[in-house]
Amino acid sequence: MKKITTSLVTLGLIFGLMSNTELSAQTLDGRQIIEKLYNRPTPLNQTSTLTMTLINKSGETRVRTIKQNTKDFGEVEKNIMFFITPADVKNTSFMNWTYSDDTKSDDQWIYLPALKKTKRISSESKSDYFMGSDFTYDDLGDRKIEDDTHKLLGKETVDGKECYIVESVSKDLDYMYSKTVTWVVKDHFIELKKEFYDEDGEKLKVQQIKEYGDFDGIYIKILEEMVNVQDNHRTSLFFENINTSVNLPNDLFTERMMMRGI
Amino acid sequence: MEKGLLKLLKTPWIVLAVCFAITLVFFLQMKEKSRLETDLDKYMPQEHPAFVYSTMAEEWFGIKDGIIFALENENGIYNTETLDTLKQLTKRLQKLQQINKSDVNSLYTADNIIGTEEGLDVKAFFKRVPKTPEALNQIQQNVRTNEMIYGRLVSESETVTLIVAELEDGVFSQEFYDEILALAASCQTENIKIHVVGRPIVEGTLALLAPADMKKMIPIVLLVIIFVLFLALRNVKNTLLVMLVVLISTIWAFGLMAIIGIPIYAVSTMLPVMLIATGVAYGVHLYSHLEGYIRHNPDATKLEAVSDMLKVMSTPVIITAVTTAVGFGSLLTSQVYPVKYFGLFTGFGVLSAMTLSLILIPAGIMAFGLPKFKPAEGRSQLANTITAAILKYKLASIIGTAVVIVLMILGTQKLWISSSFLSKFEKDSDIVLTDKFINSHFGGTTALNLILDADGKLNTFKQPEVLRLIDDMQAALESKVPEVGTSFALTNFLKRMNKVMHEDRDEFDIIPDNQNLVAQYLLLYEMSGDPKNLVKAVNYDYSRLNVTIQLKSDGSKAINSAIDIAHTYEQEFKDLGISINFAGSGYKGLVFSDLILEGQIWSLILSIIIVIILLAIMFKNMIVGLISAVPILVTALIGFGVMGFLNIPLNATTALLSSIAVGIGIDYAVHFIYQYRRYAITSSNRLEAAQKTMAHTGRAISFNAIVVILGFLVLIFSVFPPNRELGAIVSLNMFTSFVGTLTIMLVLMYKSNIYFKNKNTKE
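Chains as they are written, first to last, in my numbering: chain P, 28 to 289; chain X, 6 to 768.
Since the hints were derived computationally from the structure, they do not count as laboratory data. Being a predicted model, the structure only gives us computed values, none of them experimental. Be aware that one or more of the hints could be misleading.
[Stated by the list, open to error] For each label pair, taking beta carbons as the anchor points, the in silico distance ranges come out as:
#	chain 1	residue 1	chain 2	residue 2	range
1	X	Arg-133	P	Val-185	21 to 27 Å
2	P	Val-256	X	Ala-190	47 to 53 Å
3	P	Asn-259	X	Ile-414	54 to 60 Å
4	X	Glu-161	P	Glu-173	24 to 30 Å
5	X	Pro-487	P	Glu-173	55 to 61 Å
Quick reminder that beta carbons are idealized off the backbone N, C-alpha and C, glycines included.
Working from the sequences, and respecting the hints, build out all of it.
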């Protein structure tokens, strides 16, 4: 999740509109497109209900619904999640603080109501999969622009929307993806589709944004799906009750609130 | 039939040319298309319920066979050199095409979940190989307190650590095998030894070693047979023609396999064995008759001699070949394809050998001239004396046979079944020693998967009472079956999480007693550990669970005793709505060998019945059919009895040898009875007929038996134990069939008075 101040959002919006008209005359290069994608405005406050569905290759599913609150504090973005279903994990909560300082790793806490204990989790890898899903923490928005070399491959119309196709090759040869290819919607700089290639250059995953919405000029994903084409596992994320106009209290993001539940 | 064969005598060169042309075609096909099947899964009947369930379970839980690399450093593994080697080898294995990156597990890839005062720490044991003593010491401490690693990936002696690389089905090949071994060897250093084991390696070695040893041994067997055959036939040309028949029929059989597109299975290497044992017989009998004819008719032309040979001998040769082929044909009832094909192609090979004997040998004589025989007296004298003695002491044969039968029935009580692959290797071979070494340091190299199935009932395996029962069963397996080293299931994750969440206190190394807590721990594990590990333990809706049991032996006894202990929990699980099933290659191997055995025993019984009926029809007498079966029954019984006494287990190979007993034993009987009937017409009494038969056929049978027995005894010097057993058992079977035919069968024929009832003569 990106960190920008209100003024920057406005500036960005104006700039975005201006550059939009300029596009036909002067084409952007790959890096510029990805920059616009990564720096796309995000809301300062956001609440939503997430339904996460994991589907394995046998077609068995694991469904979880999670109440999510996110607030951007500038230097740090805080996120707190409460599980609603399944019943046996109800009120289990998870808090994550992401720092804009690259050298600082995330702080994470978990609260297990059956144990009545909050525990700090220190996990070091951004390549870890998030809750058994097909999304890594990186996939959910923590990748840095400088980590890849970006190249514009061309343009294509997907679902009636004109898109740039940008290839991003990892500079770190040991990174779990050798490259990604992203279809970026020309008008709002949101990705519609993304392909992930593994270390051996073979296609690993395909992400598709099936639905996104305009929330006061900010584009937010509503339904997305990630398919691991190698082991035939898929994850869908469906966000409901999206609210970007609230002002979440600062003390919502504390261990005490984690224990209180929804 | 004879007329057709006689016609061919006029154009021997054409006959020879046609035979060689056909052989050339088969040979070229064999060279081009033959392929060795090393994937043992291809051997198994896929539609059998046990295999169907196992295959599904393998899919659900990603159950795969692993190649185990053991890095041994006598000075301990916690030093920069060993950990660096571990990291490098792990990474190189992950890069191999045949292996998925996530299927390689070692201390380098493992997650270490540790509980601290304030929380939970999930990280790798190391990323960069540590250089300082403090950092190395920290790893050592972390491993010691992690029961999911200690004793599983690192030995308690701290001198051995494992890399386990799981393989997809069907990727194993000779090239891959060589690549793996070369890779391991290239990582070895002065201080670090790398051992490679695991079922794929054992299977692969076996699949390559057995045919390789046969390739080495068969030429020696052939040389010995040629030499002894020469001593018996006393003629180079004849010897070579007989061997040519065997060689060509083998080429035809393998050529046909190649043309149809059937790969060479491990059992197929027995095909030449069978063809040598049966093919030699036809030639020996033909030449033996020819020799007798020439002795009595020194002035006969070669056409006359060969015509007489075909007139007298073609019928018994055809009968013996048909009965032998039927014996092998009974293997078609087997559920196991390699055995089915073995029966089919051996049957084809036997019929080819018979046809070639009746065409090539006469053509050879016509083309290259008659062998010369010196008239020798006293020969039939010996046969007469022996026959008279056998018939005088009839009781000796009868009582002797009875005693042997009783004794051998006792022997069969000691027979045991083995599906072990490792037992096929020399006790002091590298592969057995390495396996022993790893088993002494870790839970075991053989995996048995126990699948608990709640038949779709959601969240069953989140219930504490169910989990506790599983934990009890695991404890029972580990304590009551000496071969079980460790077991691994969802219970181990939960106990670990429970301990970690209670500041690593040992008293919390138990199953939590609250279902919500179980669910929350699992969620926590998914968030912090590698969720792929959970996929191998339980399915998505918690209605199926996999317990992996590590055994220190791949033998049937060990696997069965683990299965037996698991079954003592069957009722308790049933009360909870859960059924017990098994999966994995060890279990499939067990079921497979039982299937082969069961099939073998049925086809043995079937073939004996068919042979009795066939001979009763051919000789138009039921009693003759029954008497002819006596030597084969005795031979089969002795074969199994001796195996029992010598502690040779029944397995796919040894059980197949019973087919030889029937296939060859019946030949002796048919030749003997056929000639006895022929001589009965011209003889005045039973003794005379018996003596003439003994001089004619008895002699040929003796030659045949001696040639093949000596040939197969060579296999006793093989470096590969199963081939040694093969040599010993084939020799034994030949010997007992031979002795049985000339003693108890002769006595029974004599006593039955068949062919003399209407003669009304007195001795």
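Results for each hint:
1. Arg-133/X - Val-185/P: 21 to 27 Å: Violated, at about 42 Å.
2. Val-256/P - Ala-190/X: 47 to 53 Å: 36 Å, violated
3. Asn-259/P - Ile-414/X: 54 to 60 Å: 56 Å, holds
4. Glu-161/X - Glu-173/P: 24 to 30 Å: 47 Å, violated
5. Pro-487/X - Glu-173/P: 55 to 61 Å: 59 Å, holds
In terms of the numbered hints stated before, the structure departs from hints 1, 2 and 4, listed from lowest to highest.
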